[in-house]
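Position chain B against the provided structure of chain A, taking the given hints into account.
Protein sequences appear in the order of chains A and B.
When we follow this note's numbering, the leftmost residue of the first sequence carries the number 254, and every step to the right adds one.
When we follow this note's numbering, the leftmost residue of the second sequence carries the number 35, and every step to the right adds one.
A portion of the hints provided could be inaccurate.
[Stated by the list, open to error] Among chain B residues calculated to face chain A with C-beta under 10 Å, some are: (1) 95; (2) 110; (3) 114; (4) 123; (5) 209.
[To be verified] Have a look at the derived ranges for each label pair, beta carbon to beta carbon: (6) B/314 / A/528: 48 to 58 Å; (7) B/60 / A/492: 49 to 59 Å; (8) B/313 / A/282: 54 to 64 Å; (9) A/463 / B/58: 31 to 41 Å; (10) A/591 / B/233: 47 to 57 Å; (11) A/257 / B/168: 24 to 34 Å; (12) A/272 / B/170: 30 to 40 Å; (13) B/100 / A/277: 48 to 58 Å; (14) B/125 / A/492: 34 to 44 Å.
[Unchecked claim] One side of the interface only, derived from the structure: several residues of chain A facing chain B at Cβ under 8 Å: (15) 442; (16) 444; (17) 447; (18) 448; (19) 449; (20) 450; (21) 451; (22) 575; (23) 577; (24) 581.
Keep in mind that the hints were calculated from the coordinates and are not lab data.
Note that beta-carbon positions come from the ideal geometry of N, C-alpha and C, so glycine has one too.
Here are the chains, one letter per residue:
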Amino acid sequence: MWAMIVKEFRQLRRDRRTLAMMIVMPVVLLIVFGYAASFDVTTIPTVAAGPEAGQVTHLVGEPFHVVATEPSQGRAWAEQQLRDGNAAVAVVTGDGRPQVLIDGSQLFTAKAAIAELSAAAAKAAVHGAAAGGQATPPGSQPQPVVTVLYNPDLNTSDIMIPGLAGVVLVFVGTIITSLGVVRERQSGTLEQLAVMPLKPRDVFLGKIGPYFAVAALDLAIVVSIGVGLFGVPFRGSLAVFALGALLFLFVTLGIGVLISSVSENQGQAIQLAFMVTLPQILLSGLIFPLSSIAIGVRWISYLLPLTYFNEISRGVMLRAEPLSSLWQPFLFLALLGAIVFTLASLRFRAYLAPAAPRGGTGSPRSAQKVTSAASAPSGSAG
Amino acid sequence: MTAPGAAGSAGDWWGTEDVCVRFGDTLALDHVWFRAEPGRVSAVVGGDGAGRTTLLRCLAGALAPASGRVRRPGPMATGYLSAGSGIYPDLSVTENLAFRAAAYQIPPQEARERGGELLARAGLDRVGDRLGGQLSGGMRQKLGVIAAMLHRPALLVLDEPTTGVDPVSRADLWWLIARAAAGGAAVVLATSYLDEAERAHDVLVLDAGMVLASGTAEQIVAAMPGTLTVAGARPAGEAGRRAWRREGRWRVWDPTAGDTAGTIAPDLQDAVTVAILARELALVPAGGESR
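So here's chain A without its partners, still in its complex pose (with noise of 0.2 Å):
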């Protein structure tokens, strides 16, 4: 046993990757994600429209934080601000009582929202039989009129399958992919791929192909399933949720191919890629409101493709956003997508083709004579 015990740790050392995933990953983990985990509301963005929209300010309190005042708008402006994301409660005065619209799609801040807003009712009503039994008292506000828009019913699984869709396109676009590439390294195809007539363009294009179908038509497949089986509505624009998962898509099989691209065998890839997965799961806003995450761990939030997806998918199923209003995540999607894929086609360049030939390739079957000269600058075909 001790033979066994010695040999293991000799072959722990020398795995670097490993030992460090064991020693100093959880302790990471463990900072970044203890100041992630939280489903506390400290701040919800407010809007506030109609001609007493300025005494709204003065008149909610923490956690309620006004955002944007319109007093010549109505409701229509309000919902267009909770539909676009800019805040999650508005709040339309007017002839009559105030109306508190609140973006259900934001479960734990729309649910946060409604526990002040009863607390603030409850509150009054206190007050109120203090002085005299009347419900409101003289001077006192009238109480709002609470909707819940786009998931009145606050149900957990309308927020969470768009954003499980976006779980799944990981799952397979960087762990499937990256175990992919990597087993042409493994299985000793990689340098025979290296010498043949194929681009190293065309390798990469063919190798991630078949997994962005796979992973299309698993979106489709958990969409679908959204839907049918646990009621998620599906109110803006399919095209628009598409384009959004077709950049989603590029940068996480880009991701896969990266991990790939620096993996020796499957198990640092599955270790690699476990470490770019499990973030953008806790970190995305997928489970945790991204107000909730602690700001020093917050941008990480921002660097990872999920958490726009997350925006679009929602965006897109539960508020129909239109493109318009969703540009700032397609836009950091695809900046994402071309930082990820540029990387990764570089990578996969060196990777594939350790020495790239220098000259001609000559016509296809042709025998043009390729001389590679490691002195010149270009190689020559002679």
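Structure of chain B alone, referenced to chain A:
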């Protein structure tokens, strides 16, 4: 069908000119000159770490030299069997060949005919549906060679195609190799078996990345300096450093070639061993540790 070895033409040759390859501080190839001619089989031999695989990788285009020049046809006209078989374990025999055919743009009909013919000759025609990972080592090697020569390359580079293969499969492999050469390809193969190297038209002997000898097997044997004797036991003293065990007895090399009494005619294995020994003795003078 495209003429076999369409790539090859008279007077053409592939190979290396003064090639050096360095891995960190190790010089894997040290100013290697090598020429492989169409229609001929060249065997690259040498001990472990001699640089055989490195040379073949350079020839195939899988590795760039640190200096020197590599003459090789384009990727379309190069066939390569890497140190593994290069066969996808989760594709069937026919699917492996279909992938190669598509990569090298061989028309499907031609690929089927040629692949079928080669598979039949190698005894693999009845396992066409079997996965690459389920083939025996010999079968996998044969499939690897067939895949490498399917597109009739002008240069066929085979890294240890017969290592660990049973004698019957080895014969099949040599039939395939000879077939490729007869078709006009310059075949370069690395091998650990010197009896096998004797079957090649040309032999290149490498040791520690340097060329020790090259030419036909006969030329290398003829060029062996000194004489060879056989002894029942390892000689004592200095002569012991020039002795090695073979077939239960000791071969003793005398570099002076003075007395020819009792000498035996060397074969390629002897000549290669002497070449390596001579280099080692030059590196480690008398009194130092050698073998």
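The hints, checked one at a time:
1. For the restraint placing residue 95 of chain B at the interface with chain A, the shortest Cβ-Cβ distance is roughly 4 Å, inside the 10 Å limit, so the hint holds.
2. The beta carbon of residue 110 of chain B comes within 5 Å of a beta carbon in chain A, closer than 10 Å, and the hint placing it at the interface holds.
3. Of the supplied interface hints, the one on residue 114 of chain B holds, with its beta-carbon coming within about 5 Å of a beta-carbon of chain A, less than 10 Å.
4. Contact between residue 123 of chain B and chain A, as hinted, is supported at the beta carbon level, the nearest pair being about 6 Å apart and thus within 10 Å.
5. Given the 10 Å rule on beta carbons, the hint for residue 209 of chain B is violated: about 22 Å separates it from the nearest Cβ of chain A.
6. Remark: the range hint 48 to 58 Å for residue 314 of chain B to residue 528 of chain A is upheld by a beta-carbon distance near 49 Å.
7. Distance hint for residue 60 of chain B and residue 492 of chain A: a CB-CB separation of about 58 Å, consistent with the stated range 49 to 59 Å.
8. Range check, residue 313 of chain B to residue 282 of chain A: about 56 Å between beta-carbon atoms, so the 54 to 64 Å window is met.
9. In this structure, residue 463 of chain A and residue 58 of chain B meet the distance hint of 31 to 41 Å, their C-beta atoms being roughly 38 Å apart.
10. In this structure the supplied range 47 to 57 Å holds for residue 591 of chain A paired with residue 233 of chain B, their Cβ-Cβ distance being about 56 Å.
11. At roughly 32 Å, the beta-carbon separation of residue 257 of chain A and residue 168 of chain B lies within the given 24 to 34 Å, and the hint holds.
12. Take residue 272 of chain A and residue 170 of chain B: their Cβ atoms lie about 38 Å apart, and the range 30 to 40 Å holds.
13. A hinted range of 48 to 58 Å is violated for the C-beta pair residue 100 of chain B and residue 277 of chain A, which are about 37 Å apart.
14. Between residue 125 of chain B and residue 492 of chain A the beta carbons are some 37 Å apart, a value that agrees with the proposed interval 34 to 44 Å.
15. A cut of 8 Å between beta carbons decides the hint on residue 442 of chain A: the least distance to chain B is about 6 Å, and the hint holds.
16. Of the supplied interface hints, the one on residue 444 of chain A holds, with its beta-carbon coming within about 4 Å of a beta-carbon of chain B, less than 8 Å.
17. Contact between residue 447 of chain A and chain B, as hinted, is supported at the beta carbon level, the nearest pair being about 5 Å apart and thus within 8 Å.
18. Because the closest C-beta pair between residue 448 of chain A and chain B is about 5 Å apart, less than 8 Å, the hint holds.
19. Restraint check, residue 449 of chain A versus chain B: the minimum CB separation of about 5 Å is within 8 Å; hint holds.
20. Against a cut-off of 8 Å between C-beta atoms, the interface hint on residue 450 of chain A holds, since the closest Cβ of chain B lies about 4 Å away.
21. For residue 451 of chain A, the suggested interface contact is upheld, since its CB lies about 6 Å from the closest CB of chain B, less than 8 Å.
22. Taken as an interface hint, residue 575 of chain A does not check out: its beta carbon lies about 44 Å from the nearest beta carbon of chain B, beyond 8 Å.
23. A hinted interface residue such as residue 577 of chain A counts as satisfied when its beta carbon comes closer than 8 Å to some beta carbon of chain B; here the least separation is about 44 Å, so the hint is violated.
24. Given hint, residue 581 of chain A at the interface with chain B, is violated; its Cβ is 43 Å from that chain's nearest Cβ, farther than 8 Å.
The structure is inconsistent with the numbered hints 5, 13, 22, 23, 24, although it conforms to all the rest.
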